[in-house]
Amino acid sequence: MAEPSGPDPLEPSLRALAAALEFPPAPKVASAVTARLRADRRARPGGRPPFPGLVAWPRRRLLVLAALGALLVGSAAAAARLAVGAIVIRVVPELPTPRPTISEAGPVLGPLVSLGEAGREAGFPLHLPAGLGHPAEVHLARSAFGYRLVILVWRPDARHPPIPGTPWGTILIELPGTDSPLAIKEVAASATIRTVRVAGARGYWLSGPHELILRMPGGERRLGVTGNVLLWKVGPTTLRLETALERRDAIALARTVG
Amino acid sequence: MYRGTDEDVEGRPLEDAELIELARNGDVRAYGELVERYREPAFRLAVLVTKSAAEAEDAVQEAFVKAYYALGRFRDRAPFRPWILRIVSNEARNRRRSARRREGLALRVAEDRPSGGAAPSPEAAVLERETSRALLEAIGRLPERERLVIGYRYFLDLSEAEIAAVLGVRPGTVKSRCARALAHLRARLPAGLASVEVVEATDG
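Line by line, the protein sequences are chains S and C.
With this note's numbering, the residue at position 236 of the first sequence is 236, and numbering never jumps.
With this note's numbering, the residue at position 149 of the second sequence is 149, and numbering never jumps.
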């Protein structure tokens, strides 16, 4: 095919289209990428970087590096922290042996209470998703630092398939919105961590193997997680939704929380 | 913003080459700054390839992780942008092959004209939007290799040399592929659109 000698007559229209085009907003992936890299490095003996040999560093470069390290310890560390309210996400090279799921852990998670009692005792506003009906069980547990946490579970139905290894279709954990880490999500480096927006609030979507570590008065309680998890905040409450739904459907469910 | 602090570099952001050198020596935070710097073109490219914002996000995250481990093979003084975009492109294409086929481009034409330039009359604005929509639709129906070369050239504003690097072909191939894509695009446009373009081309 003969090539056109000058600018193509379509070019002005293509330029106009490019100026008017709306791309979806680019997600902020830097935190998730660096978290995975740090986890990989911890898995390497001696924590060596993955590159063959260290470059001989000129003095100026060493000065830059040292100064940057000191400068960034405070400000950038906060930016790199993956957390929603009282829940912190920690990426690890690989997870230890499988832990019991939340349903297998049972009584450790606190006594069964009525929904009204949980609402009165929690110390923060409880939020329930619309369309799921009354939860099958409500647990009220004591957390570290004197806080409470509320665990609500629903049985599966046609729209909410069972979470593997549990009798539940939806598990919702609600904690206060404090920045004290009351729960830690320990995520394998192979898992996906994605920033999401739930009704305008920033949150995280975790899919793939991970563990939930609850900080209880008697120590940490590690639980295996088999579902997908959405973390976000509503006002002063931190929410953790575990489900077998895919991300879009889980976010749609989370948006109904009122 | 990642900034240098000794007397030679104080007050300015580090260059790509400096961040790459830091990252090569295991400074993950420096690499995070590179990710932040290039996430926008990387994501846009991935959207063009996968036609899905969700797939594009996964592809970009994975590509940046893979690129970190490939930094040892990055040529000193080469531009970082085409190099990282090539990795993103490969990752996105792999994901697109394994995903179900999607129609459309996951993009839309803005209702309002972007700021800058004289505002067109209401009739011209409507015509311009309709032209853009028809063009976008036609681009979405092009074969992938032609769709991508058009998208890279006009939507991402990559140079021929950058497109060649991203696609792993010679610059001459980009030129001929682009010419073919434009010819096919014209053939797929609704009748009468070409005359609208000529009028608009002389407005400017």
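Keep in mind that the hints were calculated from the coordinates and are not lab data.
Just to be clear, a hint being listed does not mean it is correct.
Claimed, not checked - These stretches of chain S come out as covered by chain C in the derived footprint (C-beta under 8 Å, 3 or more residues): (1) 32-41; (2) 136-143.
Unchecked claim - To give an idea of the interface, some chain C residues facing chain S are shown, with a C-beta separation under 8 Å as derived from the structure: (3) I20; (4) G32; (5) V60; (6) S132; (7) L135; (8) L142; (9) R145; (10) R188.
We put the CB at the ideal spot given by N, CA and C, even for glycine.
Results for each hint:
With 7 residues bearing a CB less than 8 Å from a CB of chain C, the stretch 32-41 of chain S meets the requirement of three and the coverage assertion stands. Here the stretch 136-143 of chain S counts 0 residues with a CB under 8 Å from a CB of chain C, which misses the bar of 3, and the coverage is violated. With a least beta-carbon distance of about 11 Å to chain S, the hint placing C:I20 at the interface is violated under the 8 Å criterion. Interface hint at C:G32: satisfied, since its Cβ lies 4 Å from the closest Cβ of chain S, which is below the 8 Å cut-off.
The closest approach between the C-beta of C:V60 and any C-beta of chain S is roughly 6 Å, which is under the 8 Å cut-off, so the hint is satisfied. Taking 8 Å as the C-beta contact cut-off toward chain S, the hint placing C:S132 at the interface holds, the least distance being around 4 Å. With a least beta-carbon distance of about 5 Å to chain S, the hint placing C:L135 at the interface is held under the 8 Å criterion. Here the hint on C:L142 is broken, as its CB sits about 12 Å from the closest CB of chain S, past 8 Å.
The interface hint given for C:R145 is violated, since its Cβ lies 15 Å from the closest Cβ of chain S, which is over the 8 Å cut-off. A distance limit of 8 Å between C-beta atoms decides the matter here; for C:R188 the minimum to chain S is near 11 Å, and the interface restraint is violated.
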